[in-house]
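What follows is the residue order along each chain.
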Amino acid sequence: MKIRLVVNGEAREADVWAGESLLTALRDTLELPGSKNACEQGECGSCSVLLDDDLVCACLVLAAQADGHEVTTVEGLRSDDGLHRVQQAFVEAGAVQCGFCTPGLVVATAALLERVPSPSDDVIREELSGNLCRCTGYAKIFDAVRLAASRT
Amino acid sequence: MSTTRPQTELQLGRIGDPATRHDATPKVTGEFAYSSDLNAAGMLWGVTVRSPHAHARIVELDISQAMRMAGVHAVLTHADVPGQKTYGLEFADQPVLAADRVRYYGEPVALVAAEEPEQARRAAAAVRVEYEVIEPVVDMERATEQPPLHPDRPTMAHGYREDERPNVVRHLVIRHGDPDAEGDVTVSGVYDVGIQDQAFLGPESGLAVPDGEGGVDVYVATQWLHVDRDQVAPCLGLPPEMVRIHLAGVGGAFGGREDLSMQIHGAMLALHTKRPVKIVYNREESFFGHVHRHPARIWCEHRATRAGELVNVRMRILLDGGAYASSSTAVASNAACFAIGPYKVANALLESTCVYTNNPPCGAMRGFGAVQTCFAAEAQMDKLADELGIDPVELRLLNALGSGDTLPTGQVIEGVLPTAEVIRRTAALPVPDAEPLPREAIRLPGGAGNTTRGEGVKRGVGFAVGFKNICYSEGFDDFTAARVLLRADGSAEIHCASAEVGQGVTDVILQVARTELGTDDVVLAAPGTAAVGSAGSASASRMTWMAAGAVRDACRAALEEQKRSGGDVDVERVYRHPRTTPLDPETGQVTGERAHVSFAVAAMRVVAEVDVDLGLSRVVWIGTAQDVGKAINPLAVEGQIEGGTAQGLGLALMEEIRTQDGLITNASFTDYLIPTALDMPPVESELIEDAEPDAPYGVKGVGEPPTVVSSAAVVSALRDATGRELARIPVRPDDIVGI
Chain A
83 MKIRLVVNGE AREADVWAGE SLLTALRDTL ELPGSKNACE QGECGSCSVL LDDDLVCACL
143 VLAAQADGHE VTTVEGLRSD DGLHRVQQAF VEAGAVQCGF CTPGLVVATA ALLERVPSPS
203 DDVIREELSG NLCRCTGYAK IFDAVRLAAS RT
Chain B
1262 MSTTRPQTEL QLGRIGDPAT RHDATPKVTG EFAYSSDLNA AGMLWGVTVR SPHAHARIVE
1322 LDISQAMRMA GVHAVLTHAD VPGQKTYGLE FADQPVLAAD RVRYYGEPVA LVAAEEPEQA
1382 RRAAAAVRVE YEVIEPVVDM ERATEQPPLH PDRPTMAHGY REDERPNVVR HLVIRHGDPD
1442 AEGDVTVSGV YDVGIQDQAF LGPESGLAVP DGEGGVDVYV ATQWLHVDRD QVAPCLGLPP
1502 EMVRIHLAGV GGAFGGREDL SMQIHGAMLA LHTKRPVKIV YNREESFFGH VHRHPARIWC
1562 EHRATRAGEL VNVRMRILLD GGAYASSSTA VASNAACFAI GPYKVANALL ESTCVYTNNP
1622 PCGAMRGFGA VQTCFAAEAQ MDKLADELGI DPVELRLLNA LGSGDTLPTG QVIEGVLPTA
1682 EVIRRTAALP VPDAEPLPRE AIRLPGGAGN TTRGEGVKRG VGFAVGFKNI CYSEGFDDFT
1742 AARVLLRADG SAEIHCASAE VGQGVTDVIL QVARTELGTD DVVLAAPGTA AVGSAGSASA
1802 SRMTWMAAGA VRDACRAALE EQKRSGGDVD VERVYRHPRT TPLDPETGQV TGERAHVSFA
1862 VAAMRVVAEV DVDLGLSRVV WIGTAQDVGK AINPLAVEGQ IEGGTAQGLG LALMEEIRTQ
1922 DGLITNASFT DYLIPTALDM PPVESELIED AEPDAPYGVK GVGEPPTVVS SAAVVSALRD
1982 ATGRELARIP VRPDDIVGI
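Residue numbers (the numbering used here), protein chains in the order written: chain A, 83 to 234; chain B, 1262 to 2000.
Just chain A, same shape as in the assembly (with noise of 0.2 Å):
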């Protein structure tokens, strides 16, 4: 089935099978394979992607659901002025060891600072626990949540 979609503020189409998942669409069809793929049954987070404006786990959401809707994915956080602002924290912080749950983690935390723009320490840690980090022990992850909160 065709689906068409807006990503990364760009118009898309593509040709998906009705079980296939937004997840796999992104990496396998739209070229994006930015996001991750760990666990495919949401509990890793290494997939987060905005659906409109909701945070979701694009291995969780059909493809097709994602018809008609806006989906930001960690590949359109940057803008030609450069990183985004978490992207740069994440950076300057040391919260990137392997990366791999970096991209989701990107998109929640950013997720994160639109709707609170200062987050105490609990609701960081409660907001990025569905994201899951093998590497960090999470310190300089929240680091970094805190660093690019400061540069709102």
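No false leads were slipped in.
So, partial list: chain B residues that the calculated Cβ filter (under 8 Å) puts toward chain A:
#  : residue
1  : Gly1291
2  : Tyr1295
3  : Ser1297
4  : Leu1462
5  : Gly1463
6  : Arg1544
7  : Glu1701
8  : Ile1703
9  : Val1762
10 : Gln1764
11 : Ala1897
12 : Gly1904
13 : Ala1907
14 : Met1941
Please keep in mind that the hints were generated in silico from the structure rather than gathered at the bench. All values reported here derive from a predicted model rather than from experimental measurement. From the three backbone atoms N, C-alpha and C, an ideal C-beta is built for every residue, glycine too.
Fit chain B to the known structure of chain A by using the hints.
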């Protein structure tokens, strides 16, 4: 959404600077290519057919139906392995594809390549295998009395202690002083450790591309490129130079990528179909795709004087190695060598046995045998402190091991080992006061589940110390090669086949090269087997030490060469750490100056709260001091400490692969839990920089000590809160309810 320009100049960094990772920007933008992101024109997808049984004979294997299915280009079995039929990291005891017998749940039996991944999966499901199930060997205590899984005993006759019992992978005894020496007091216990998974987020994956001339290029996430090549090439029946292994982006490793996963399989399919073949494991398959941390049962008896001085430590360690040897022989040795912890003791009897079973294969995971014994030995130290009425920190200080002291193997510690210093520095970190009630649910055990308002919650403070070796041991010829192309204009290109697995070794290499060459104009070429010699493995907390040594030597040689000859120069140097020698197979004593190169120690204090009504726990705060030698990049060192601590916390509280008759029952992130942002407390870390004399720039590896010590430290806090012995990790809710 808003964007900002960089606020600060990104720090390139020399030795000692908190440099920005060179790969951080492509990783935050999604541009960084992991092994699962690779594509090639005309690419096929490979899928592995796996055994649904832990132990069975293969009676019949029928691929005819799968071969006829749409899109299928190849279905390969054991008969199609072109060269050597078995492989292994140290002992070639594992079939590339099972021949007549499967020994673990998920063992590869056949391979399929098809145009689309779904076609490959369907064809894999259509491969008919008739099995005759055999009773599995699943109890490590009974394994030595059951029929052998490997009658040819692949790990024997390699200089280890001979052991006639079936299913022994390695049996090691360390006798030190008088193993019958008596003390004033004795404490004993039996401790259990469950199977932990590395649970790296990037699944096993890679792309194999035939070169059209009979050779193959494999792009894969791995920890040691050259040892992969040396296992892959013989199985393909090819000379090593016709197999080129390239490092693809690695989504975490933690020991789980030391052994092969899809490398031979992908290459077989690619050479057979003459098309590029991509294989990506899903999460369930990843639990079958790599070795795990050994589960263990450890019997301990600590004898001490009334004043608290250890007199004699006797420990018996049993490790379940699962179906194949992997690095189990070295894990068994490490478990024994570091069993007691960093304490002086004149007498010891340490026995370590690793057995084959039909449980999931085990091998390397961060901490490598020292995690299991640290948990047991530190529980014993808590028990001894309690028995003697001595403060647990004081007891540890009283027995602290240091430079010049002798290990149970007879090895004298020649380098730096600041055990007393890390204990004092950790103990000096201010412990946060108990938070008043009422408070937000998220700051209570049970968290957002809103399960308590504070009733039933008890607070505890725990302490632990742990140490392990740095670099490879027991006579292994361990080296790292580095090559420097230094141009007349002063710019340089470095080649080193070290695996960047997320730990930041690439930045170590760049910081060393910038420092030695005195320029920022340095790049590191993509690591591969074709351009430079082996770097050895990104494991054993060795890569920073070894890569720093090799790159330093190559840079210095290049500068000298350029001074002599002028113009562009290209030099390769091989760095070796001080030689080690094997342990005596009968006594476990060193046969030369040292069996281990160097040691690193960490101490950790943990504050935890436990809801004893529901068995839920919350770690509140962690403080640690770690012996790091010299921090080449302090930001990265802190990251290793925080991340390593999280993995130990996971083992203490939640992480365990569950099996039933050898079958894994929780192969998913829904059922195998790892710490989330809500589980991790703040980690306050102190870096103790006391340069290691034998190491380049005085460095020590930093990745493993935090994982070694943190499981023990977390459980120590739970023990303090509950008064329970808590002799098993992970601690389950049932273990702490009903006080």
